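Please build the complex by placing chains B and C on the supplied structure of chain A, with the hints as guidance.
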Amino acid sequence: MRQKHHKSRTQAIVKQALTAAAIAGGTLFTGSVQAATDLSLWYHGAGNEVESNIINQIISDFNASQSDWTVSIQSFPQESYNDSVVAAALAGSLPDILDVDGPVMPNWAWAGYLQPLPISEEQIADFLPGTLGFWNDELYSVGLWDAAVALVTRQSILDEFGLRKPTLAEPWTADEFNDALAAIKESGKYEYPLDLGMAWTGEWYPYAFSPFLQSFGGDLIDRDTYRSAEGVLNGEAALAFGEWWQGLFKNDLAPGTSQDPADRDSGFLEGKYAMAWNGNWAAVPMLDTFDDVLFLPAPDFGKGPVIGAASWQFGISGDTEHADGAASFIEFAVNDKYLAAFSDGIGLIPSTPGAAALTTKYAEGGPMAVFYELSEQQGRVRPVTPGYVVQAKVFEKALADIANGADVADTLDSAVDEIEIDIKRNEGYGHD
Amino acid sequence: MISHDNHGLRLAVRYAVLVLVAIIFVFPLLFMVMSSLKPDHQLLVDTGSLRAFLPVGDISFDNYAAAFQRAPISTFVINSVIVTGVTVMLSLAICSLSAFSFVFLRWSGRNLLLSILLATLIVPFETIAIPLLLLVSKLPWLGLDGLEQGWLNSYHVQILPFAADALTIFLFVQYFKDLPSELVEAARVEGASWFQIYLKIIMPLAGPVVATAAILRFLFMYNQYLWPLMVVQSDEYRPVMVGLQYFFQLDTPWGEVMAYLSLITIPVLGFYLMLQRAFIASIASTGVKG
Amino acid sequence: MADSKLTRSNRTGWLMSLPGFTLVALFIIVPFFFAFGLSMTNQRLVSPNPTKYVGLENYRQMLDIALVTLQPERDASGTVIRDDEGTIQYPRLRRLSRSDPAFERYKGMREWFGWQSGESHKAVVVRDPLFWIALRNTLLFVLVVAPVQGGIALGLALLVNQKLRGINAFRTIYFMPVVVSIVVVSLLWRFIYDGNDGLLNNLLDTLSFGAIPGVDWLGNPSTALGAIMAMSIWQAVGFHMVIWLSGLQTISPTLYEAADIEGASKWQAFRYVTWPGLRNTAVLVIIVITMQAFALFAQIDVMTNGGPLDSTQSLVFQAVERGYGKQDISGGSVISVVLFVLVLAISLVQRWLTRDRQN
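Protein chains in written order, with this note's numbering: chain A, 1 to 432; chain B, 1001 to 1290; chain C, 2001 to 2359.
Chain A with its partners taken away, still in its complex shape (with noise of 0.2 Å):
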């Protein structure tokens, strides 16, 4: 709960004004007996049609499933969410459910958004380790599915240029992928051989691109004590990746950060890239474009493969009078069916195995199986750190600095310096 924390003035009024319009409420409201106490629910899913069905299908089952509750969704769109929340929390109007980008959580459940999540350890015991938000030894948020990230191509493409078909047991080597990008752009018959999002910006660069820096040996920030990034964001593993970031531009092997959005939706589909490092939502146009697309673990840069893990995923608001009603929400939510048929509608991954074996794509044999596995085996969650989120803005910049070439050993630095000295600023983010 948020009593535990020290606050801020602002924050101390904000409740006390929150108090006192709920004991308004409260003596409005207590001439109505026995009716299901509401329940609100903040959603990013706003504009897409599909996901909102699902959603809306799982909430008026729970409705209907029991007397005590009623809950009432507040879809938003997923570009402007966050800052939405962090508004609402500003003004003492969060809701009593909310959804959370996985490694955001940290940040939010520090601050005391969100409170630990009261679910049996049984019911997500088979659960992908990227859905389950921890933090501070305790659970916070669970997701209903993961994402992944693969090396798309074609087979066709492989056999033209005589390569290696990777496998997760022996995926590419950094050499051997390496070899491949040139060859493809020694051919000239692709604008660029790959295609990384870089008109994606935000979240998408650290998710996607520090599993690269982390199969260097580097990462964002020291693990172990989440107080310093010396040596791990700028270390001699890190300007190595560095160096090899800046060579895909430099060399013209993948379009930079000026790539317009367009080409990122549909420049794989229509033929200008080769490849394309991309997400498992993007899967099914793929699928239906080609009969031939390949999705592809991770190369190996030395430290083994690595993808980025954790979604969206659902947490009860640090300020709701009825955490109980959150929590019954959640577990009801969290049932292989509701997962199966997100991962039908939209093309995620389930979060069970046993979701997965109820779905047309993940099941054994399905066309996207192999993300199932991905997620499973090279999965990694990013920073578990309040910080992440100043961490994750750092790091992008940097990427785009050096992928326009900056100096990678001065922009890694600073972004160094950057980070440690958010860390003092804040305290230290609650690590001891």
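Hints are computed from structural coordinates only; laboratory data are not their basis. Treat the hints with care, as some may be off.
[As the list claims (entries may be wrong)] A short, non-exhaustive set of chain A residues, derived as facing chain C with CB atoms under 7 Å:
id, residue
1, K393
2, D401
3, S414
4, D417
[To be verified] Here are the simulated DSS-like pairs of lysine-lysine, each with C-alpha atoms no more than 27 Å apart in a straight line:
id, chain 1, residue 1, chain 2, residue 2
5, C, K2163, C, K2266
6, B, K1138, C, K2052
7, C, K2122, C, K2107
8, A, K165, A, K272
9, A, K272, A, K189
10, A, K250, A, K303
11, C, K2107, C, K2326
12, A, K165, A, K185
13, A, K424, C, K2266
14, A, K424, C, K2326
15, A, K424, C, K2107
16, B, K1138, C, K2326
[Claimed, not checked] Far from chain B by the CB rule (all over 10 Å, computed), these chain C residues:
id, residue
17, F2032
18, T2069
19, A2076
20, L2096
21, S2097
22, A2102
23, G2118
24, W2132
25, V2148
26, D2197
27, G2210
28, I2212
29, P2221
30, A2259
31, V2349
Predicted model, so just to flag it, every value in this text is computed and none were measured. The beta carbon of each residue, even a glycine, is placed where N, CA and C say it ideally should be.
Then chains B and C, alone, in the frame of chain A:
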């Protein structure tokens, strides 16, 4: 006298210049409208060539239908029109009255107040948004259900903070300064009250500046994004620019984006055309200055 | 206006200006002072930590600037080390500031720009390079956009002030980009500026028969800010055209007739009739453009995010990036306050200059 041929040639040159300049201004908008009629794949292929400006290929209104399916567009447009319309009207009334008192009346504190107001011109909205959010979330409001705490999720939270601004006041001040002061003095001698002078003498002469101020305020309000994002939490009160976000999914449907953009541009264009007529008429009928 | 009894009225004056002033005070001035207060604390957007007063520390961090002289690297014999191309090698400032006590004051600072001076290297180092770069870009943007946009707008206004059939249609067309939100316009122009198969490149290619090579307009640090300037001018010029036009139309036709009778040339008519008649309009246009230019944000946010290589960072973009993106409300507020003071200073100078000429 200029010969007839020469006159015709000069006229042709004038029109040629006008048309050439017009092309520069119209082409991105043509691109927007034409793209809204094309399926995504073709739209993206066409962007590199002149085809982008022509209704060629697979033309249909499918994108419009899909856009209406994706988001409650009519709600967004109605919300924007209400918020924008009310704000513009309030702003014109309040700001012209302030400007009137700054220009035509002499009172102590006048210069100081005007200087303070003009200094606020410099404050970009982005930089005060969060303090403003903290403020409005605590202000009381007398609604239909009695006294409420906080202004979030409403029309008034989108209107009142913008009902007066230094730029509009400044526009009126600059315009009023050009009006002959004898008008006011004469009316005072006749015994007219200040409010009568404002309403009956000055405002009827203010057509052009009213139009300019109205357009400027309209555009600012209609394009509001950051503020409604922070203070509106349901579809019910969401305006068009926040609605645009509904279309930026991971695989962006560009055709629908273009359709939505075309749709939300229509009210603004209509508003401008309406004002343009009023504004030209007012000039023709007054012909005030010399 | 003469100060006479007829125009003096304290009560009515206050009463009439009060609604406007109250609203501005409540919704702009109070939040601004709040922001000013925040700039002297360590307030975060999202944090359970208590807020602390830090005085001017945030300002000191952001504005910290110094000149450093670096001596070249020498080998054991004392000769200056040069690389293959003959460029003198200097130690990294970062290394010095962490090892050499003489340089400790510069720890964490970065070189903003530098130059060669004899054998040594002079470097201007700053603690917050992004702020300085954003400041430079913003000033450059204002210095280019304000006169160019104002001038083109006046030209257009004169163009559409002719008495020609159908002139209203042209007025409307020239105004059209204004009615489209800057966010939308920025999105459209990303397609136009595209480096590979963008419209602008294809157009230049066709017009020059392939002589002009394609440019990655937004991806190249030397063209990105220029591209954004051009688009910004294009988008808003129609609005200022309308303001000029309303000024033009208030000039009495009899003045032009008089000028005609005197045998004045077109230029003379413009210089001695039109321009003086546009005085108040000119002040308005310049002020509005300057304010809009200083607030440069949406274009950057949609098109470049401040890149490539910080070539399009702007002050308001940095304020938003810090305040919202990096949850550093106090840092964002510091930029807001500095921006305010800067623009206030500029407008005071502007006012002083114009007043001087008037008397």
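Now for the hints, and whether the structure bears them out:
A least Cβ separation of about 5 Å between A:K393 and chain C falls short of the 7 Å threshold, and the interface hint therefore holds. A cut of 7 Å between beta carbons decides the hint on A:D401: the least distance to chain C is about 6 Å, and the hint holds. For A:S414, the interface hint holds, since its Cβ comes within 7 Å of a Cβ in chain C; the closest pair sits about 6 Å apart. This hint holds: A:D417 has a C-beta 5 Å from the nearest C-beta of chain C, less than the 7 Å allowed.
For the suggested pair C:K2163 and C:K2266, the alpha carbons sit about 16 Å apart, so the restraint of at most 27 Å is met. Distance restraint check for B:K1138 and C:K2052: the Cα-Cα separation of roughly 23 Å lies within the 27 Å cut-off, and the hinted pair is therefore satisfied. For the hint pairing C:K2122 with C:K2107, the CA-to-CA distance comes to about 17 Å; that is within 27 Å, so the pair holds. Using a Cα cut-off of 27 Å, the hinted pair A:K165 and A:K272 holds, with the two alpha carbons roughly 21 Å apart.
For the hint pairing A:K272 with A:K189, the CA-to-CA distance comes to about 9 Å; that is within 27 Å, so the pair holds. Annotation: proposed proximity of A:K250 to A:K303 holds, straight-line Cα distance about 25 Å (limit 27 Å). Annotation: proposed proximity of C:K2107 to C:K2326 holds, straight-line Cα distance about 22 Å (limit 27 Å). Taken as a hint, the A:K165 and A:K185 pair is honoured in the structure, with Cα atoms around 19 Å apart against an allowance of 27 Å.
With a C-alpha separation of about 67 Å, the suggested pair A:K424 and C:K2266 falls outside the 27 Å cut-off, and the hint is violated. Taking the CA atoms of A:K424 and C:K2326, the gap is about 14 Å. The hint holds against a cut of 27 Å. Proposed proximity of A:K424 and C:K2107 is supported: the alpha carbons are some 16 Å apart, at most 27 Å. Restraint check for B:K1138 and C:K2326: satisfied, since their Cα atoms lie roughly 25 Å apart, inside the 27 Å limit.
The beta carbon of C:F2032 is not kept farther than 10 Å from every beta carbon of chain B, the shortest such distance being approximately 5 Å. With a cut of 10 Å on Cβ distances, C:T2069 stays outside the contact zone with chain B, its closest approach being about 37 Å. For C:A2076, the non-interface assignment is confirmed: its Cβ lies about 55 Å from the closest Cβ of chain B, beyond the 10 Å cut-off. A cut-off of 10 Å between C-beta atoms confirms that C:L2096 is not in contact with chain B; the least separation is 37 Å.
Residue-level check passed: C:S2097 sits 32 Å from the nearest beta carbon of chain B, beyond 10 Å. Every beta carbon of chain B lies more than 10 Å from that of C:A2102, the smallest distance being close to 39 Å; the non-interface claim holds. With 10 Å as the threshold on Cβ separation, the claim that C:G2118 sits away from chain B holds: the shortest Cβ distance comes to roughly 44 Å. With a least CB separation of 19 Å from chain B, C:W2132 remains clear of the 10 Å interface cut-off, as annotated.
With a cut of 10 Å on Cβ distances, C:V2148 stays outside the contact zone with chain B, its closest approach being about 15 Å. Under the 10 Å C-beta cut-off, the non-interface status given to C:D2197 relative to chain B is violated; the minimum distance is some 4 Å. With a least beta-carbon separation of about 15 Å from chain B, C:G2210 lies farther than 10 Å from that chain, consistent with its non-interface assignment. Non-interface status of C:I2212 relative to chain B is upheld: no Cβ of that chain comes within 10 Å, the nearest being about 16 Å off.
Every Cβ of chain B is farther than 10 Å from the Cβ of C:P2221; the closest lies at roughly 24 Å, confirming the non-interface assignment. Once the 10 Å rule is applied to beta carbons, C:A2259 is consistent with being away from chain B; the minimum gap is 14 Å. Every C-beta of chain B lies more than 10 Å from that of C:V2349, the closest at about 13 Å, which supports listing it as non-interface.
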